[in-house]
Amino acid sequence: MATEFAFPDNASKAESAASQEFQTEKMSLAMGPSHPSTHGVLRLQLDLDGEIVTKCDPILGYLHRGDEKIAENMTYNQFVPYTDRLDYLAPLASNVAYVIAVEKLAKLEVPERCQAIRVICTELARISAHLLGLGAYGIDVGAWAVFLYAFEEREKLYKLFEELTGARFTTSYTRIGGVARDVPEGWNGRVEAFCEQFLPILEETLTLLTRNKIFQDRTVGVGIISKQDAIAYGLTGPNLRGSGVAFDLRKDKPYSGYDKYEFDVPVGSKGDCFDRYLCRGEEMRQSVRIIRQAIKTFPSGKWYNEEAKKIFAPQKAKVLTSMEELINNFMIVTEGPQMPAGEVYFEGENPKGALGFFIVSKGGGVPWRMKIRSPSFCNLSILPLVCKGNLVSDVVSILGSLDFVMGECDR
Amino acid sequence: MTAPADVTAALQSKFPQVTSRPSGDHPAFNVPASEVIAALKYLRDEFAYDFLVDITAVDWSADASPRFTVIWHLFSTTNHGYVRLASDCASDTEPVAPTATDLWPAANWHERETYDLLGVKFEKHPDLRRILMWDEYPYHPLRKDFPLAGIEVPLHDPEVAALTGASGKPAPMMGGPFVASSGEMNLTDAEPRAKDESWTESQVKPVSE
Numbered sequence: 000m001a002t003e004f005a006f007p008d009n010a011s012k013a014e015s016a017a018s019q020e021f022q023t024e025k026m027s028l029a030m031g032p033s034h035p036s037t038h039g040v041l042r043l044q045l046d047l048d049g050e051i052v053t054k055c056d057p058i059l060g061y062l063h064r065g066d067e068k069i070a071e072n073m074t075y076n077q078f079v080p081y082t083d084r085l086d087y088l089a090p091l092a093s094n095v096a097y098v099i100a101v102e103k104l105a106k107l108e109v110p111e112r113c114q115a116i117r118v119i120c121t122e123l124a125r126i127s128a129h130l131l132g133l134g135a136y137g138i139d140v141g142a143w144a145v146f147l148y149a150f151e152e153r154e155k156l157y158k159l160f161e162e163l164t165g166a167r168f169t170t171s172y173t174r175i176g177g178v179a180r181d182v183p184e185g186w187n188g189r190v191e192a193f194c195e196q197f198l199p200i201l202e203e204t205l206t207l208l209t210r211n212k213i214f215q216d217r218t219v220g221v222g223i224i225s226k227q228d229a230i231a232y233g234l235t236g237p238n239l240r241g242s243g244v245a246f247d248l249r250k251d252k253p254y255s256g257y258d259k260y261e262f263d264v265p266v267g268s269k270g271d272c273f274d275r276y277l278c279r280g281e282e283m284r285q286s287v288r289i290i291r292q293a294i295k296t297f298p299s300g301k302w303y304n305e306e307a308k309k310i311f312a313p314q315k316a317k318v319l320t321s322m323e324e325l326i327n328n329f330m331i332v333t334e335g336p337q338m339p340a341g342e343v344y345f346e347g348e349n350p351k352g353a354l355g356f357f358i359v360s361k362g363g364g365v366p367w368r369m370k371i372r373s374p375s376f377c378n379l380s381i382l383p384l385v386c387k388g389n390l391v392s393d394v395v396s397i398l399g400s401l402d403f404v405m406g407e408c409d410r
Numbered sequence: 000m001t002a003p004a005d006v007t008a009a010l011q012s013k014f015p016q017v018t019s020r021p022s023g024d025h026p027a028f029n030v031p032a033s034e035v036i037a038a039l040k041y042l043r044d045e046f047a048y049d050f051l052v053d054i055t056a057v058d059w060s061a062d063a064s065p066r067f068t069v070i071w072h073l074f075s076t077t078n079h080g081y082v083r084l085a086s087d088c089a090s091d092t093e094p095v096a097p098t099a100t101d102l103w104p105a106a107n108w109h110e111r112e113t114y115d116l117l118g119v120k121f122e123k124h125p126d127l128r129r130i131l132m133w134d135e136y137p138y139h140p141l142r143k144d145f146p147l148a149g150i151e152v153p154l155h156d157p158e159v160a161a162l163t164g165a166s167g168k169p170a171p172m173m174g175g176p177f178v179a180s181s182g183e184m185n186l187t188d189a190e191p192r193a194k195d196e197s198w199t200e201s202q203v204k205p206v207s208e
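Sequences listed follow chains X and Y, in order. If you use numbering that gives the first Met the number 0, the first sequence corresponds to residues 0 to 410, in order. If you use numbering that gives the first Met the number 0, the second sequence corresponds to residues 0 to 208, in order.
Note that these hints are calculated values from the structure, not bench results. Here the structure is a predicted model, which is why all the values come from computation and not from measurement. Some hints here could point you the wrong way.
From chain Y, some residues computed to sit far from chain X (all C-beta separations above 10 Å) [to be verified]:
no., residue
1, K13
2, P21
3, P97
4, N107
5, E135
6, P140
7, D144
8, L147
9, I150
10, K168
Keeping only pairs whose Cα atoms sit at most 16 Å apart, straight-line, the calculated EDC-like set for lysine to aspartate or glutamate is [unchecked claim]:
no., chain 1, residue 1, chain 2, residue 2
11, X, K106, X, E305
12, X, K103, X, D263
13, X, K252, Y, D62
14, X, K259, X, E111
15, X, K106, Y, D62
16, X, K68, Y, D144
17, Y, K120, Y, D91
18, Y, K120, Y, D134
19, Y, K143, Y, D62
20, Y, K143, Y, D91
21, X, K387, X, D56
22, X, K226, Y, D49
23, X, K301, X, E195
24, Y, K40, Y, D101
25, X, K54, Y, D144
26, Y, K143, X, E67
27, Y, K143, X, E184
28, X, K103, Y, D24
Where a beta carbon is used, it is the ideal one built from N, C-alpha and C, also for glycine.
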């Protein structure tokens with residue numbers, strides 16, 4: 000079979016398989032929900048003709064917890080820990096996106112120091128999520144070493160997260176109108192030191208894949224998503240940018256002071272798995288750039304909004320000494336922060352794409368309806384289109400390149 | 000963040016029944032169900048709102064009428080602005096809305112989710128199955144008359160159900176962080192720590208060995 004060693008091309012692959020003299024067999028295959036390449040609990044109901052996928056039907060919901068229902072039954076502050084469990088590979092970024100949405104409803108502005116802390120958090124979370132995506136993708140297509148490199152760096156990030164938030168994984172760091180606590184002394188320096196040593200390691204890690212013949216064979220020309228399809232299916236994040244659409248909310252709809260930082264938005268040219276991989280690699284470099292600028296211009300001042308006292312829990316010392324603060328604290332805990340009625344929608348540029356919160360408030364401490372627009376959910380909706388006509392082994396490659404997380408997809 | 004004035008004006012001159020909707024941020028419009036698809040198409044083709052962000056619905060409580068409102072969010076990848084369209088469903092018991100799958104394939108899963116969780120049927124949708132809950136699930140959990148704890152349902156797999164006699168039980172909500180009422184039970188009974196009567200103000204709390 001001459002095409003075996005040629006540059007991978009889906010159309011010719013399908014054609015050559017169809018024209019072979021050997022008989023293929025049609026079958027239906029359930030890939031997942033516990034399949035290593037589905038990165039969680041996703042089931043793909045595949046119709047196969049030999050090794051070629053003729054139909055792909057993703058079955059979701061194995062991780063559905065009813066987060067939106069839960070949100071309707073608890074106060075705004077109480078929901079922060081639940082946002083950790085959306086994209087559990089980058090909880091800090093989800094924390095930030097959620098509180099900005101609520102602050103929009105409450106019409107709160109946070110001080111510059113708080114904004115800078117949030118930017119550093121989001122970008123560190125992005126590096127951490129992309130590292131995991133990279134490592135897991137490496138394993139999917141047969142490059143184990145990348146995973147080990149990536150996880151060593153993630154461990155360092157976890158140490159930084161732990162120092163900042165008290166938790167390695169479920170950070171719950173942001174509060175409405177601020178963050179839970181100021182950055183510890185010397186933390187910024189340690190973040191800078193991390194960046195310093197991270198860049199050469201990132202280059203080394205990416206070298207393991209970028210010019211790797213096996214990796215290229217598995218990804219170049221596989222799972223091509225055109226610009227039009229990417230927009231039509233609502234893809235966001237590196238998956239959209241890999242298809243050549245320079246859409247990045249940090250640039251196009253700046254929030255939390257992103258307009259103050261200089262960074263580039265990498266875009267792909269072909270829209271294949273390799274382009275999406277390259278975009279993620281470059282995004283990590285850009286994240287380091289943003290973090291360095293944020294640390295260099297790190298503002299002094301408060302790390303929470305003074306006006307947010309009615310929403311943001313009062314200082315513990317004051318609660319214990321002042322009658323008014325004690326009453327206020329009691330009201331916040333029992334009834335929740337009093338919010339104005341209204342409808343707001345905010346989405347932030349998370350590692351996986353645009354994570355949006357649509358909040359309908361009738362006033363009071365509890366949202367009437369909160370819809371979570373999850374990027375992984377939208378990104379997966381293109382699977383039936385992009386998997387069709389590919390080999391089963393390419394489905395693994397495509398799944399890895401879409402870099403989704405089911406906690407967020409199923410909510 | 001206000002609407003480009005021409006969008007509001009143009010939309011309202013083309014569709015006279017469109018009214019402005021109160022919104023905390025982006026321009027928002029109330030659109031009658033019969034004109035939603037035409038309005039979405041108009042916004043997409045004439046005003047470059049080419050990106051369908053989200054489709055969802057709101058249940059305004061079991062006694063409200065109109066009870067369900069379907070919400071569309073669009074984004075423009077060239078002008079970088081959002082727009083929100085809202086349309087009330089005529090029926091409170093069997094809500095229906097028109098499908099946008101012909102305009103954006105992305106609408107497919109959003110509409111399936113809205114149907115699954117809120118029971119809004121999208122007319123002419125090519126594949127209106129449940130997406131998060133399983134196909135046989137009898138309720139629409141995000142409706143306001145659906146309790147937070149859930150309702151007992153037969154197991155997904157009838158064979159397993161017959162063999163084990165098990166079923167999907169409501170979640171035990173007592174003592175949880177929820178604002179919703181924890182049911183009939185007295186809070187003192189619900190909170191195990193409150194039942195500890197081995198110590199009072201006059202009697203010292205026993206120290207465990």
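Hint check, failures only:
2, 4, 6, 8, 12, 13, 15, 23, 25, 27
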